[in-house]
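Asker: Given next are the chains, with one letter for each unit.
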Amino acid sequence: MASTFAAVFEIVSFGAIIVLVVLGLGIIASMMGIFNFAQGEFVLLGAYVTYLAYAHGAPVWAGMVAAPFVVGAIGFVLEALIIRRFYAAPIVAMLGTYALGLIIRESVRGLIGGFYLTVPEPIGGSIDLGSVHISAWRFTIIVITLLVMGACYLLLARTSFGLRVRATLENPALARASGISTPLIYGATFAFGAALAGLAGALIVPVFSLFADLGIRFLIQGFVAVMVGGVGSFIGPVAGAGVIGTLSAALPWVMSPVVADVLVFVLAIAFIKFRPQGLIAGKGV
Amino acid sequence: MGGASEAVARVGEEPDVVTGESAPAARAPAGQASAGWKVLPIVEGLVLLIALVLPWVLQDYLTVFATRVVILALFALSFDLVWGYAGIMSFGQALFFGAAGYGVALMARDLNVTSILLILPAGTLIGLTAALLLGGFLLLGRYPSSVIFVSLGTLTGSYAADRLARGWYYLGGQNGIPSIPPLTLGNYEFEEGPVYYYMVLGILVVVYLLCRFLVRSQFGLALAGLRENEQRIAFFGYKAQHLKAIIFAVGGTIAGLAGSLYAFHEGFVWPNMLGVVFSTQVVLYVLFGGSGTLIGAVIGTVIIEGVSFWLSDNYRDVWPIILGVLLLLVIMFRPLGLISFVLGERERVGSFGKAPSKESGNAAP
Chain A
1 MASTFAAVFE IVSFGAIIVL VVLGLGIIAS MMGIFNFAQG EFVLLGAYVT YLAYAHGAPV
61 WAGMVAAPFV VGAIGFVLEA LIIRRFYAAP IVAMLGTYAL GLIIRESVRG LIGGFYLTVP
121 EPIGGSIDLG SVHISAWRFT IIVITLLVMG ACYLLLARTS FGLRVRATLE NPALARASGI
181 STPLIYGATF AFGAALAGLA GALIVPVFSL FADLGIRFLI QGFVAVMVGG VGSFIGPVAG
241 AGVIGTLSAA LPWVMSPVVA DVLVFVLAIA FIKFRPQGLI AGKGV
Chain B
1 MGGASEAVAR VGEEPDVVTG ESAPAARAPA GQASAGWKVL PIVEGLVLLI ALVLPWVLQD
61 YLTVFATRVV ILALFALSFD LVWGYAGIMS FGQALFFGAA GYGVALMARD LNVTSILLIL
121 PAGTLIGLTA ALLLGGFLLL GRYPSSVIFV SLGTLTGSYA ADRLARGWYY LGGQNGIPSI
181 PPLTLGNYEF EEGPVYYYMV LGILVVVYLL CRFLVRSQFG LALAGLRENE QRIAFFGYKA
241 QHLKAIIFAV GGTIAGLAGS LYAFHEGFVW PNMLGVVFST QVVLYVLFGG SGTLIGAVIG
301 TVIIEGVSFW LSDNYRDVWP IILGVLLLLV IMFRPLGLIS FVLGERERVG SFGKAPSKES
361 GNAAP
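Line by line, the protein sequences are chains A and B.
According to full-length UniProt numbering, the stretch in the first sequence is residues 1 to 285, in order.
According to full-length UniProt numbering, the stretch in the second sequence is residues 1 to 365, in order.
Chain B on its own, in the form it takes in the complex (with noise of 0.2 Å):
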């Protein structure tokens, strides 16, 4: 990567070659945010803030169904970095989260594997795998793919692997593999509730935090400019699809890790997991709260997962209909998300690497 990271260097030298232009597809509103106010850090600090009292307020059911929203936050999280960062639409992000889950099921009812300290890191290596396989297969090669296979590809991928979990007996079929044991630690057993709950909250705020890192080096501005134009990134001497390649595998790295969370906390895995019903649920998380902003995954999660709660007590069946109509009218006039409300472009497109003196040159539009 030697060659690759003096490319980098250059490319920050002139950011208006690929900063400032807009997400996939998107007229940008303008933003409220001016230059001196950063309204990002204060949303962040807010939904931490929010997310560290919850288990006190809530009734301890609420507080197991905030852990699993919590955990489905992380799930988007690895979609919003392939697909708001690098702009691969990877529409079976839910392959890499089941595999995962399936992954530690197994283990856990063969093996009698419960640690901790053996699950999680099982959890990521099989969703790293899975990913690296994946994408290795549609991303890499002679020629490079097109959105169009890579979209239908990962969707077939993780549809097929759904069929295969149905009729495989050994994977339990139907029903999936129910009764998974508890997470341990040592003698100490993760129940869910409030343990569980800061233990995932934990995760999460690590994961976020290096996925921030990430996004604002110089690796994170090649990946902007990859999204915004592919053939340009090329020819700054860039492997382009390695570069895609390796998002797609921390993606499903991310993935895997909060599979085996979710597989662990819910007790049971189905076929579900691993279908079209994940990944497009975890599409609709990502799209709605804002896709190339970390925090707009998190909180596209958490309303989504909020509401449907809500909801399903009373308006069970209207709220799919709903949610499809929200949907496509956040798709048609906000395709930023509902995160733009708050967020300004200049702020969104931010500033990358460390900063230089010349701050404000990074960010201009």
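This is chain A alone, in the form it adopts within the complex (with noise of 0.2 Å):
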């Protein structure tokens, strides 16, 4: 019962740090059709901020605060400055946010050298549930999840901005005519989607600790999450993500961890290939 507990946890802490990176990724996907090769490294860059600011002796959690809002910004200028040449070629856009990652993934390695730096947990210990014990960190990453989870479907969902961005993913042409800024929210949507991969990064650093490598990690997975759930709608990639997640940390516990690794991969382009619209059809939230 214990072990079976434990086993569910570490499930559930996997899934939803693949959720946490899926999120930025699913809604430039969606909101955007840009397939981001960059977002891997802007999970890095969030790691990198949370580092930073550890060495120089902030707390912690100072630098998971800030990590999203230096990433949500770097990715605002780089949308302005070289993403939105691509907005009409998807391909393009692919292989440009690829040369674009190859640049910030590099550097970084060239600022951390090719060690592994390790962040110390904000939070740490763990917590007693009778005879188990989990990790207090890994909880809090699930609980945190589930609030940005909650906050981005109901900032696309029910505020004003929410609107707009809605509104340019339907039809573009209309939505410049009814006065809306589409470059504008094309921007923002950039960023935000920049900034989530930023606190993505600044909270499994502490787990995974830093080393250059460690958005690619997590890139192909966070493409077949998104291709699994759906692109064109917030739920999807969300939903992938939980599925690919899941899977990816479960079938480990009844198969061999090599064949499981390639499994998740062939079931999931398997999918794609007969639903191509994914678990979750359709625009909108």
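Warning: the hint list may mix true and false statements.
[Stated by the list, open to error] For the chain B half of the interface with chain A, some residues (derived, Cβ under 8 Å), not all of them: (1) Met89; (2) Leu140; (3) Thr156.
Calculated from the structure, these hints are not laboratory results.
From the three backbone atoms N, C-alpha and C, an ideal C-beta is built for every residue, glycine too.
Put the complex together from the two separate chains, hints included.
Answerer: Dropping the structure here:
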């Protein structure tokens, strides 16, 4: 019983991490039609900002609060300078964001060297439930993921900003005619997606430690999750991320990890092949 | 293909329908080539000439490096066929390269087969089979697949293969398969050096000429149409998905050939050969040199590998950043690659099939 509970906690906490990473990716893909190859590097930047704050003596949680804002600002600038040129051509956008990711990743690698740098958990220790001990920080990540998901949903579904974003997604020409500045909305959406990635990076760095290839690990899993969930809505990618995250954490408990690793990808691609619209079809929230 | 080839002929008579549009997402710069002068054969001739005299000028260890570049150029050619000509974004081209490399490495390790007469056909066959399987799955079917799905599907395939090779003890795990014996022909052993170089160069030239013939044939015209406007090609009565699967398989075959040559040249295979690293590397070569021109792929490989080799002694850390910046600049401002500085739009589009009496009609943009 105790070990089952521990396993479930492992699976849920890994699922939450994947959801957190995919959230930004999914919003950019759904709302803007761009598969952002630099998203993994935004995660890396978030982790790096947290590390910097910690290394300069600030408390870790301060770095975690700063990370989404810093990465969001970087995302806003990059959108205005570079990403904006790629909207018409999705494949070129992939290549362009890949190049961007390469620049960011290698710059960070140059700054930190080839090391694995550790950042302590701001909330350490473990929570004891009878005979089971679960990591307090992983539990916090689950809670924050739920809060962020709820906040994103409310932002997109209930605020006038969300309405503008959705209007721009559905019909850019009509949105412009209605007086919405679509370039500004795109910029803000991209910055928002980047900020979410930054937050994800900041939260997971105590678990995975900081190294240059931190982002890549999640990038392909994230893409697959977005496709499985369905591009075009907010809920779709989140659902996809839940499925992929849970599967990749759960399968290694019942079969050899190597087979499980590959099997998740094969299953996902086969699923997308036969259901191209994903788990949840349709646009909107 | 009887009906299809008839349709090809009809398309050929109405060149303005499919030719003359720009490459994927490209605003073509005006070229310097006039109607009478052909730049492409000159560039190709120059590259071949340089390649031929190279081993005489270079020291031995540089010849070994040059051999590696030639093999990678062959690999780049395979990606250029698929992306530059048919517009299929194969982000996982290394899957075929690496699968063939692993395949022939296993043949050498477990079956003691090193004869070039068996190894090269085997590698080619592995590439072809893998490409047929993956391409058939991704490209064929009741619903036409979206570009995004194909690119992410190939990327995922390559990534998954990488992970599999890393975790599978039989394939050597993280370390791959070391110390592959040299390639042999009878009692002769192909060691690294000038002989291996000329052998590989010969293969590259033959494959290049075959590709050149292929993309300038009526089949190539259909591919160009596919790249520019898939729907329109489908309306002409082509099986667009079949065309894509065929060229994807051809690309995989060439990548397999390159992979088996690479495995025996380096003497070992390791998981990166299958994975995202090599897959994106080949994309860089082709975009940099100029996709949609075969020679562009070769030139891109030579420049990137050459500069990387030259810089890696002193600027090892900075080089990937410079590469990223250069790539970004090329994508933003020179989508047709470096070759577009010398090669005009008219000549890049070129003509297809046998030259009719009014050749200019075919080549007109």
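Asker: Are the hints correct? Go through all of them and say.
Answerer: Against the structure, the hints:
1. Met89: B:Met89 check passes; min Cβ-Cβ to chain A is 5 Å, inside 8 Å.
2. Leu140: Where the cut-off is 8 Å and the nearest Cβ of chain A is about 10 Å from B:Leu140, the hint is violated.
3. Thr156: holds (5 Å)
Hint 2 alone, counting from the list given before, is not met by this structure.
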